[in-house]
Amino acid sequence: MGSNGTGKSTLLKIITGNIKTDIQIENSFKNIFYLPQNPYYPSSITTFDYLSSIFFKNNWKWFISNEEKEKINNILMKIGLYDKKNISIENLSGGEIQKINIALGLISDADILLLDEPASNMDLNNQVNILKLLKNLTYNNITSVIIMHDLSLALKYGDNFIGITKENKIIQKDSQEFFSMENLKKIFNMDFEIIKGQNNTYVQIID
Amino acid sequence: MAKKQILSLIILVFLFFICLLLCLFYKLDIHNKELILSYIRIPSIIKAIISGSCLAIAGMFLQTISKNPLADPYLTGLSAGAGFGIVISILLFNSINYSLFGFLGAIITAFLVILLSGFSKFSITKLILIGLSLNLFTGAIISFLILKNPDKSYEMTLILTGGFSSSEIFDNFLIALFILSIIICSIFIPKLNALRLDNKLIFKNQSTANKYNIIFVILAAFLTSISVYSAGILGFVGIICPLLSKLIFGNDIRLLFFTNILLGSYLLLFSNFISTNIIYPLQIPLGIVISIVGVPFFIFFLLKKGGILNN
Amino acid sequence: MYKLLISILFIFFIISIPSYANNNSFISISPTITEIIYSLNAQEQLKGVTTQCNFPPETKQKPIIGDYYYINEQMLLDIRPKYILADDLSAFIGKKYKKYNIEPICLNFTDITSIYDNILFLGKLTNKEENSINIVTLLKNKVKEAKNINKHPNKKILYIISTKPFRTIGKNSFITNLINESGNISITSELNTSYPIISMEYAINKAPDIIVIDYHCNRDENISKLFPNIKIIKMTKQQSDIIDRPSPRFYKSIEFFAQLGES
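Residue numbers (our numbering), protein chains in the order written: chain H, 1 to 207; chain R, 208 to 518; chain F, 519 to 781.
This is chain H alone, in the form it adopts within the complex (with noise of 0.2 Å):
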């Protein structure tokens, strides 16, 4: 997290390689998966051919297998939008198109996922199933990366953060950690309080 043009976007686009630099980027991962803020969707085109079409990326061949397919009907399962499967995409809301291109990033075999601002324009209540599902992701061995600037969503799903402030400095803390008052003023230059509770941590900005 950071405050708007300190690099966000930037960092994950050099990590996958779309940007160039001279920095040497040793990858542990296999496959990278990224999500940008605003991506392009074709029209005219039903949500189960939309995720279908990760599975002609990397064969040559004309017809899906049953396999593929069960993947694809699972994955609309888990985020909720099986009855959805043969509308066009472009019949859907902003937030469900952002939670099928999350779900593309799930059947894509990939072992990171670089999520820019996955939950912007989702309400509170699929926000929270799309990062409830991320996180069970973590117990496969799957990371994401995510670019959020809810802070008490972001503490309670969360496991490592990473901040940018303005000076471009970088911290890197585990969560209890990272919600410390110097930290957040550093990166957002204000005052917050943090509040610890039995089981939870809140962060409250103070005016």
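Simulated from the structure, these hints should not be mistaken for lab results.
There could be a bad hint or two in this list.
[As the list claims (entries may be wrong)] In silico BS3-like pairs for lysine-lysine, Cα to Cα no more than 25 Å straight-line:
(1) F:613 <-> R:355
(2) H:57 <-> R:328
(3) R:211 <-> H:84
(4) F:614 <-> R:355
(5) R:240 <-> F:674
(6) H:84 <-> R:512
(7) F:743 <-> R:240
(8) R:398 <-> H:57
(9) R:210 <-> H:84
(10) H:196 <-> H:173
(11) R:359 <-> F:689
(12) F:749 <-> R:240
(13) R:328 <-> H:20
(14) R:234 <-> F:674
(15) R:407 <-> H:61
(16) F:724 <-> R:240
(17) R:411 <-> H:61
Place chains R and F on chain H using the hints.
Structure of chains R and F alone, referenced to chain H:
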């Protein structure tokens, strides 16, 4: 596939065959049956099918990879390149084999444009702009050559508008090229299904996606050159057919591949039929008929289902 | 102030141009008309020709001022003729120079009578009326003679201008008139235009006896396949020049068509 799609497909196949039969046997004179069939009607039907399907598929390729419904098969400077080849053959070689010259001109320009837009720093926008400027440049040379040779100018302008004159006897080389290109296309078609999404989602980085983009641009250029070889420069088919089949059949490229072949050849067969028969024995140039036949049809579908194109 | 001055100068310029016009001099932007002028022996008044004018050979000595589509305006103003003579094809160029007070004269050549009329008209214009009347009577006699040469009349002729697209001559064409005058029939004479693009099937079904192909025709290697067992004549450049132009030499083309029937 939904029921509606299957129904539309059946109607399309039906229309295609009706048109094919009409083109073959409408008002066929009994005395000269063999002569007319083998030298006039069959060659022009084959040419209509080849050029129609090539243009439609090329248009589909370019519209999908550029994600722009306005992309046209002649985008890569092909029309002017082909025109230049044709004009050269008329002026220097007494118009022997000008379709072959058009083909070569188109291929050479296409490769020039792709080379200029650069393999490593390739982008579709750059390709379109370079194609556009090369089009203007060659177009100016063509206009100059036409003005400088007034005795052949009428012939040149007529040939440049395109159309398959029945005087051409049919050409095995053309058919071989067409079959070859269809085979190559059918290998690459499923890949296009992945390319229809945002490239950033599918590919790790832009340069991997560009490899596929370049393959499809080259394929499209090849297909368009084949269509130039068989029918000269025909506008409009390459934009209208991919859009129309997308409106009717959705966005599955595997299905669209076949519907584009059908729709493209249907449009050209029908236009050919109209152009030779509506004010028989006079002929209307094919390019004019295509626009007159195609535009109302296209606008009708656009008004009915055009909401899909809003993006 | 400057603008006003410049515009006054400009207007003065425009007004001053016409006063220079030469008396009764003209340029021809049509090879046909050039030929007629030479046959009238009025070439002294002819001040300029186009690149297409090649008959009689003396036309080479005249200054070339342009072609079908383009006239060098500077040369035109240097010569400053009174008239521009044009035919149907080049009429649109002539009209552009009215602003220099150069009068365009457009002559239409649709059939043989119109050739006679045009010759008489040009005779009046160049003050060579006697010559023009003589030429017309001579031509009328020649046409009558030419008709009598035809030993095998009523042959069906297909005249091809180009094969791609397939263009022939229609009813309003001057060549159709020539063929009729020679005692033969043009199979495309019912088509109600001058130079129609037609479907090849029509020509095949009409079963012509003789096919005449224009010199400028682009490709003709397929004609013999499409019309087996039919006599095909490919014209030379000189023959084509005579037939394409409704000039005083047109009687030669009637003779040409009249002799086609002979094997």
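Verification of the hints:
1. F:613 <-> R:355: The hint holds at about 21 Å.
2. H:57 <-> R:328: 22 Å, holds
3. R:211 <-> H:84: Cα-Cα ~18 Å, so holds.
4. F:614 <-> R:355: OK: residue 614 (chain F) and residue 355 (chain R) at ~20 Å, within 25 Å.
5. R:240 <-> F:674: 21 Å, holds
6. H:84 <-> R:512: 20 Å, holds
7. F:743 <-> R:240: 14 Å, holds
8. R:398 <-> H:57: It holds: about 6 Å lies between the C-alpha atoms, which stays within 25 Å.
9. R:210 <-> H:84: 18 Å, holds
10. H:196 <-> H:173: The given pair, whose Cα atoms are some 17 Å apart, holds under the 25 Å limit.
11. R:359 <-> F:689: Holds. Residue 359 (chain R) to residue 689 (chain F) sits at ~23 Å (cutoff 25 Å).
12. F:749 <-> R:240: Between residue 749 (chain F) and residue 240 (chain R) the Cα gap is close to 21 Å, so the pair holds against 25 Å.
13. R:328 <-> H:20: Holds, at about 12 Å.
14. R:234 <-> F:674: Holds, at about 23 Å.
15. R:407 <-> H:61: 22 Å, holds
16. F:724 <-> R:240: With Cα atoms ~13 Å apart, residue 724 (chain F) and residue 240 (chain R) stay inside 25 Å; holds.
17. R:411 <-> H:61: Given pair residue 411 (chain R), residue 61 (chain H) holds - Cα atoms ~21 Å apart, limit 25 Å.
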